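Undergrad: Okay, here's what each chain looks like letter by letter:
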Amino acid sequence: MDSQQVMHPQRPVGIIGYGSYVPMYRLPSTEVARVWHGGGKGPIREKAVAGLDEDTATISIEAARNALARAEIDPAEIRAVWVGSESHPYAVKPTSTIVAEAIGTTPYHLAADLEFACKAGTEALQAAIGLVGSGMAEYALAIGADTAQGRPGDALEYTASSGGTAFIVGPADEALATLSGSLSYVTDTPDFWRRAYQHYPSHGGRFTGEPAYFHHIQAAAEGILAGLQARPEDFAYAIFHQPNVKFPQRVARRLGFTQEQLEPGLLSNVIGNTYAGAAITGFSATLDVAQPGERILVVSFGSGAGSDAFVWEVTEALAERRSKAPLVSDYIRRRVEIDYALYARYRHKLLVK
Amino acid sequence: MSGKVAHDWRLKGQRYRLEGEECPHCRVKIFPPRDICPECHKPAKEPYRLSGRGEVYTYSTVNNAPGGFEEYTPYTVALVKLEEGPMITAQLTDVTPENVKIGMPVEMVTRKLRAQGDEGTIIYGYKFRPVLQA
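As given, the protein sequences belong to chains Z and E, one line each in that order.
For the first sequence, the positions run 107 to 459 when the numbering used here is used.
For the second sequence, the positions run 23 to 156 when the numbering used here is used.
Same shape as in the complex, but just chain E (with noise of 0.2 angstroms):
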């Protein structure tokens, strides 16, 4: 379990704040931050925070969940487009999956993904609802 919060904690800045890069040479955010830019290929190393905003590309409902899921079935995992351009893979939260729509305006929340046991850390991370309606 010790080798697991090293590697949950060295994600806490994507993870907590939608953290990505923006390549200094052609500009293109990138997310999740991998160091070389997907477009160009150059070195991209600049910390880059995501407005979080976004809509649902395409979705898909979970009803047998992988392991330490299991308690949220059914839900629902989409890709979300962010408006800076990367597409992200996230679950959806605050709707039933019957209420989710193709092209629907979604923002990012910080929610608990999952525990490691009852004995072990709490992971939070980045869901996406749909936008709140003021």
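Same shape as in the complex, but just chain Z (with noise of 0.2 angstroms):
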């Protein structure tokens, strides 16, 4: 692998502030298998399930404030504020500035959604080092949060949970953690994919794993790795995208990363799949642990397919900072269990009218 490969802002950049959300309720997975399949067990303990008045915009905003809590900026002087999702609330109009207007960043800045299955908000967070590294702007947000919906009965329904993770980006200087690298490694695989007007995505059943998840994982990891010149024994953590429990765990060993690296980041086994927001929200987690001087591989797949891979390093601002906000393991605490209906009454699958 060509080093070239892994992109380096003009200028040292990293994270400033870091936020996440997850909401309250929680579908046990046996509550799927029993309405489906007559009992027994799924791939995760439970997920996140978003109540009624929660989108894809009201996680995001939160997010972002928790984010801005522990950056101790201005609002105004963020300049682009990035939502990447599959779950967004329109399909025409931004989510981005309903989050801009909610947070004070309005209205100097650029504001976009961007879609791209689960790697959505690391793409937001590519662009972010890119406008803050470039020297455009001073600071940037970069957000990815979903809603995601599974198809009654299908696999999927199992682990499509709602949650999301807001990062904003500046100058290495100020930075929690600061960016090593980053690369992107993308093909056009269509492994998971919702056309325009359905309610439910489809997939390709197994195709969704040798060649779509662990392939382009694998090759984005492989080639940071061999860009940085760095082994997997250099970092304290690694977080994988998270579609169940037994993917980031099956890819982590072929990489040669270890449970312990993993842990406190793998967090699918407790929320589900937040899509856009589960590799960042991982992330998130880890950086709630982390101390000065570690490293954290982050690498997140998106159906379609892709995956974007960072190397950060954290600072001493990290450990004063995050107290600030409201820690994932505090959001995750919070947890109301519900059973199938009320599942179906919150996420909308019951016909009323």
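Keep in mind that the hints are not guaranteed to be accurate.
Distance condition first, Cα-Cα at most 25 angstroms in a straight line; then the derived PhoX-like pairs of lysine-lysine [stated by the list, open to error]:
no., chain 1, residue 1, chain 2, residue 2
1, Z, 199, E, 26
2, E, 103, E, 123
3, E, 64, E, 103
4, E, 26, Z, 459
5, E, 67, E, 34
6, E, 103, E, 34
7, E, 67, E, 103
8, E, 64, E, 51
9, Z, 199, E, 34
Hints listed in this document are in silico derivations from the structure and should not be mistaken for laboratory results.
Here the structure is a predicted model, which is why all the values come from computation and not from measurement.
Hints are included, so try docking the two chains, each in its own frame, into the full complex.
TA: Okay, structure coming up:
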């Protein structure tokens, strides 16, 4: 792998604020199994479910407010608000303008919604790195959030969940974690899709595994490790996209990472797959425990398909600033279990008119 | 419906950011903004963003909702006493009616208030939830 494939901004950048949000309702896998398969267990313990008044905009707003609390900057200094999601509330009309208005960034900023299945959030992050790294902007906000829908009875219904994470990218000297480099690896691989006007996505079954998830994550991870001349043991933590529990564990093993490196950022067993929020909420939970000097590898995966890989190094500023907003574990602990009937109501699966 | 869009748009500052006013004469905080100080009756137009922290002053559970809110029943509407002084009427969220208590500390969150049917706009605004336990 040629090291030129690793991207570096013109000036050093990092994350100056991060924040997450996870809704409080939880649907145990056993509920999905009970309704559709007469009992048994699913691939995870439970998933987070958005309430009736929550969507990708409201999740993004709370995550962004948490990021802003940690960044301690004037929101009017942010020059871009980018929201990556596959569940934007409108087909046409940006989510990002709602978020920007709610946090007080309006009006001098770029705003756009991105879509690339589960990697839309890291795509936003790459763009924010570019904007700040080029010197065009001092700060940029990148968000990945979803209220993912699984077709009732489909395997994805066990895991498709709600949540999101926001990052404010800024100059490295203000950062909680500085960027060592990033890499993107993308091909046209139709493993999962949703056509216009369709409510539920379709997927290629087992095709979503080897040629999609594993190929792209491994290529991106191997590329960035080679380019930065780093080895798995150089990292304190690694986060991979987490559509379930076993995929990230398997890809970690293949790449030479241990269960311990995955541990703080592997959340799918307790919140499910938050799609565009998945890898980055795992990263957020890892920043909640990381120490200065530790290196973190983050590799997302979005169906369609591609991966974004990032290497970060934690700075001294993290410990003091992380206490200024709720931790991911605070949201995970705020848990109200619901049954399939309430889940069907909350996710608008009932025909009421 | 287009007239409604303009109405909602005008309210976005107060709905999204809890933006009220501060009286330049007696420093009282005003919400919703009304441009005249309710205390000293002088002009008061300085925008002031409220913290969103407060407590439940009183509340009522809505079982028969007005148009546009039917899907959320049962829900609780509360008078919330904000820490800066103003009293605000708002829905509570992330709490079941039986768990609401007078004096309960709450914080502002931005949530979906309602949608103008399947084709209209989605209206977002403030609600209050029990303070997140860290």
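Undergrad: For each hint, tell me whether it holds in the structure or not.
TA: We went through each hint and held it up to the structure:
1. Z:199 x E:26: It holds: about 17 angstroms lies between the C-alpha atoms, which stays within 25 angstroms.
2. E:103 x E:123: The hint holds at about 13 angstroms.
3. E:64 x E:103: holds (23 angstroms)
4. E:26 x Z:459: At roughly 23 angstroms apart (the allowed maximum being 25 angstroms), residue 459 (chain Z) and residue 26 (chain E) satisfy the hint.
5. E:67 x E:34: holds (16 angstroms)
6. E:103 x E:34: holds (21 angstroms)
7. E:67 x E:103: Between residue 67 (chain E) and residue 103 (chain E) the Cα gap is close to 22 angstroms, so the pair holds against 25 angstroms.
8. E:64 x E:51: Answer holds: residue 64 (chain E) to residue 51 (chain E) is near 13 angstroms, not above 25 angstroms.
9. Z:199 x E:34: Since the Cα atoms of residue 199 (chain Z) and residue 34 (chain E) sit roughly 16 angstroms apart, the hinted pair holds (cutoff 25 angstroms).
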